[in-house]
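Student: These are the residues of each chain, in order.
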Amino acid sequence: MASGVKPRVKVPGSASAGEGIVIKTLISHPMESGQRKDGDGNPIPRSIINRFTCDFNGQNVIDVKMEPAISTNPYFEFEATVPEAGEFKFTWYDDDGSVYEDAKAITV
Amino acid sequence: MKFKAMTALAALAISAPMLFAGGADDDTLTIDGQEMITKTAAPAHMAETGIDTIMSGWHFREDDTQAMQMDTFDNPGMIAVDQATDAWNTVEGTAEKSCASCHEGPESMGGVRAVYPKWNAEAGEMRTLAMQINNCRTEQMGAEPYKYEKAEMTAMEALISVQSRGMPVNVAIDGPAAEYYEKGKEIYYTRYGQLELSCANCHEDNYGNYIRADHLSQGQINGFPTYRLKNAGLVQTHNRFRGCIRDTRAETFAVGSPEFVALEVYVASRGNGLSVEGPSVRQ
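Residue numbers (this note's numbering), protein chains in the order written: chain A, 1 to 108; chain B, 1 to 283.
Source of the hints: derived by calculation from the structure; they are not laboratory data.
There's no promise every hint is true.
Stated by the list, open to error - Below, a list of computed lysine-lysine pairs in the BS3-like style, where the Cα atoms sit at most 27 Å apart:
id, chain 1, residue 1, chain 2, residue 2
1, B, Lys230, A, Lys24
2, A, Lys65, A, Lys104
3, B, Lys230, A, Lys65
4, B, Lys97, B, Lys147
5, A, Lys37, A, Lys104
6, B, Lys230, A, Lys37
7, A, Lys10, A, Lys65
8, B, Lys118, B, Lys39
9, A, Lys89, A, Lys24
10, A, Lys89, A, Lys6
11, A, Lys37, A, Lys6
12, B, Lys150, A, Lys6
13, A, Lys10, B, Lys230
14, B, Lys39, B, Lys147
15, A, Lys65, A, Lys37
16, A, Lys37, B, Lys147
17, A, Lys6, A, Lys24
18, A, Lys6, B, Lys230
19, A, Lys6, B, Lys147
20, A, Lys6, B, Lys97
21, B, Lys230, B, Lys39
22, A, Lys37, B, Lys150
Claimed, not checked - For each label pair, taking beta carbons as the anchor points, the in silico distance ranges come out as:
id, chain 1, residue 1, chain 2, residue 2, range
23, A, Arg51, B, Gly50, 55 to 61 Å
24, A, Ser33, B, Asp63, 25 to 31 Å
25, A, Asp96, B, Thr40, 48 to 54 Å
Unchecked claim - Counterexamples of contact, computed for chain A against chain B with all Cβ distances above 12 Å:
id, residue
26, Ala17
27, Glu19
28, Asp40
29, Phe52
30, Pro83
Don't be surprised by glycine CBs; every beta carbon is placed ideally from N, CA and C.
Just need the whole structure built from these sequences, with the hints factored in.
Tutor: Encoded structure:
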C-alpha cells in the first residue's frame, strides 16, 4: 500500500431537493507512473489509483477510470443533483488492491 | 469555428493590456473567509530601499493560482498539514514523546511562525523554525533530526505556519539579531553568479516586471512553506533561496547554512506587517 494515502471530500451539509451541488474530492497519493527509473536505473513499478467512483444512496453518480499520466494527489470536482436526503459514498481503487473509502451525509 | 476564433481574439484583446501592464493586482486575499494583510506600509528599516508598500507574492500570481489558496480544501499544501498532524501525535525517540506530549494540540503553535527566525538566548544562536523543530526532536524527544529540506520537515513547518495564518509577521532585528540582519542584508545586495544578479536586482528594482515569462514579486517569504505547482510539492524558504541563486549561475550556499539563516532573518524582516499565509500556493 502506498504510504500517506488520505482521502478528503467536501460536500455541502444540506441542499434543497433537486438542487445541483458541487462536490470536491482529493486523495493524497504519489501516482507513480511506472515510467520512471530510480538512481540505479531500475524501473520504479507503477502504483496509481486506477478508478474512482461516487455513489448516492446506492445509485452511481460518477465512475472514472484513471491512467498513469495523472498527476500526484488526484483531485475531482463535479456536480450532482440531490433528489433526497442521503449519503454520498466515495471509493478510490489502488493498483495494489487497496480500497479507500469516505462518506458524507447530506440533508434536504 | 469562426465565432470561436472571434471570441478568442476578443478575449485576447481584453486581457492583453492587463497581461503586459505588470505590477501587482488589487485583489483581496481571503482564506476560508478570513481576510489577510497582503499589502501594507513597509517597515521602518526599509526606508532606504525606495519601497513604501510591501506586497505578498500572492498579488503577482494568476487568478487560478490565487483562487487555489483562497479555499483550504483547494490548497494542495494542506495535504502536508494533514500528514504533519499525524506526525505531531506520533511518539518517537528514546524519550518516548511526541510533539503533543509537551505542546498539546498544534493550536498551541499560534504566533510561532510570525516571529521566526528567532534568537535563542539559552543556546546563543539564531534559529529558524526548522532548526527549532530539530532541536525539539533531538533534545526533547531523543529522536533523529529531520533532514532540513525533506518532506517531513516541510510538512511540520506547514502545520506550525497554518496556526499563525493571518497574524502579522514580526521578526525581531534588534539586539542579538542585528548582526544577522546586517549579514543577511549584505547577501541580499551582493551580486552572485555569471549573471551577476543580487536579490535586489529582481525583487526590489524590478518587481512587477517580467523576467522572460516569470512575473517578479517582491520576494516576500510570508507565505512559506509554499506549495509550488511546478514542483507539485511544498518548498521551504531555503530551497527557494538556493533556486534563485542557482538561477544566477552561481555556486549556492547550502540549505540550513549560516548564510541562508542570516538571509532568512533579513528577508523575513522585510515582510514585517504582512500576514503569515503558509502554506501558500504559487506557480
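Student: Of the hints given before, which are not true for this structure?
Tutor: Violated hints: 5, 14; rest satisfied.
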